[in-house]
Amino acid sequence: MNWTWFHKLGSPKWFYEIGGRWLPWFGWAAAILLLVGTVWGLAFAPQDYQQGNSFRIIYIHVPAAFLAQSIYVMLAAAGLVGLVWKMKLADVALQQAAPIGAWMSFIALLTGAVWGKPTWGAWWVWDARLTSMLILLFLYFGIIALGQAISNRDSAAKACAVLAIVGVVNIPIIKYSVEWWNTLHQPATFKITEKPAMPAEMWLPLLVMVLGFYCFFAAVLIMRMRLEVLRREARASWAKAEVRALVEKHA
Amino acid sequence: MNPVRKKRLYIVLAILAGVGIAVALALSALQQNINLFYTPSQIAHGEAPEGTRIRAGGLVEQGSVQRHPETLSVDFRVTDGAETVTIRYQGILPDLFREGQGIVALGRVDADGVLVADEVLAKHDENYMPPEVTQALEKSGMMKHYEGGKQEYVQ
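Sequence order for the protein chains is A and B. Our numbering numbers the first residue of the first sequence as 1 and each following residue consecutively. Our numbering numbers the first residue of the second sequence as 1001 and each following residue consecutively.
One should not assume that every hint holds.
[Claimed, not checked] Listed below are the simulated BS3-like cross-link pairs for lysine-lysine, each with C-alpha atoms no more than 25 Å apart in a straight line: (1) K1007/B / K8/A; (2) K1007/B / K191/A; (3) K8/A / K117/A; (4) K1007/B / K195/A; (5) K1006/B / K195/A; (6) K191/A / K13/A; (7) K191/A / K86/A; (8) K1007/B / K86/A.
Just so you know, these hints were derived from the structure itself, not from any lab. For clarity, every value in this text was computed on a predicted model and none was experimentally measured.
Take these sequences, add in the hints, and give me the full structure.
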């Protein structure tokens, strides 16, 4: 297998260039998918027979929850790459993805609470799914705080990578909490092995929203990482030239 | 992969495995405490603690809901297919509350074995359907099968 692309990722300059080329694709895909998914889900998808219109919060809640968990797995993968291969860009990705993941967890918890009040009759219940999701949010806070608290960049990278890797244990707990224990949260509607417990006119807009959220995450992450790469490489000649060119363009 | 990297990779994987095993042991030790509610069978077999507030969960039995006309109090039975628990509640029930629906009630079991609840939460399942589909299912008599499937699922 050809690993050159992987080793190239170690070069911040290469990432800055290639990221700049990918950014508009992800950005436009995210804008179009989110717009289509929102209008489709909120205006055209049918009501649920029990919950009526309040089920529509699924179009925000589920993609945000998917992303909160996927981003954490990505943090752990970046942490592993950073620890084993000492790739600087892995730390940039880890530090820059963590706040996005924290926001996604927060959105999932908030929309879940807003939905829980009319459906269950309670904003919050200490069941296994909700609690493990709250722990995920705190893990994100921990990684962000740790990265900010240690001023030496290498030590901060190492500490954050270890925390990210150790915390990944929480991800299967979130995923299977609804099967292992009695919870108020319902089990997964979508399983890889079975057809979804939802008709197509309801899950198609959800699929669009999930894809839109992933593209949104990719676009925001690339933007944040490019900025951080510029900041960290501020002494390199290519970065200086790039900043000068950007300033002249906007002047 | 060069030996230094390989060693680091093994150390990281060993840490992850260690933490994973520790968490798995802790969770299996706490198994009962993590469950949000006791099923009627567990209560009937004395697995639920007595004299304290507990949560009971299950499906509201068909035809068991009795409302008192003068007050807000309501009696109903909750079943998991094998055993039932009678629940007494005074207050406003959640919108999703109806016969056949999964609920979780928080309260204390009194001397007669009735759970006097001060909170009733509706449990939603993973199935979503447009209302027209439900009506069609009801018309053709298939809703029974569908609800029956849910009962089996709970067991």
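For each hint, the structure was consulted:
The hinted pair formed by K1007/B and K8/A meets the criterion: a straight-line CA distance of about 23 Å does not exceed 25 Å. Restraint check for K1007/B and K191/A: not satisfied, since their Cα atoms lie roughly 37 Å apart, outside the 25 Å limit. For the hint pairing K8/A with K117/A, the CA-to-CA distance comes to about 50 Å; that exceeds 25 Å, so the pair is violated. Between K1007/B and K195/A the CA atoms are separated by roughly 43 Å; this puts the pair beyond 25 Å, and the hint is violated.
Only pairs whose Cα atoms come within 25 Å are accepted, and K1006/B paired with K195/A is rejected, the gap being roughly 41 Å. Between K191/A and K13/A, the direct Cα distance comes to roughly 41 Å. Violation of the 25 Å bound is thereby established for this hinted pair. Between K191/A and K86/A, the direct Cα distance comes to roughly 36 Å. Violation of the 25 Å bound is thereby established for this hinted pair. With a CA separation close to 13 Å, the supplied pair K1007/B and K86/A stays within the 25 Å bound.
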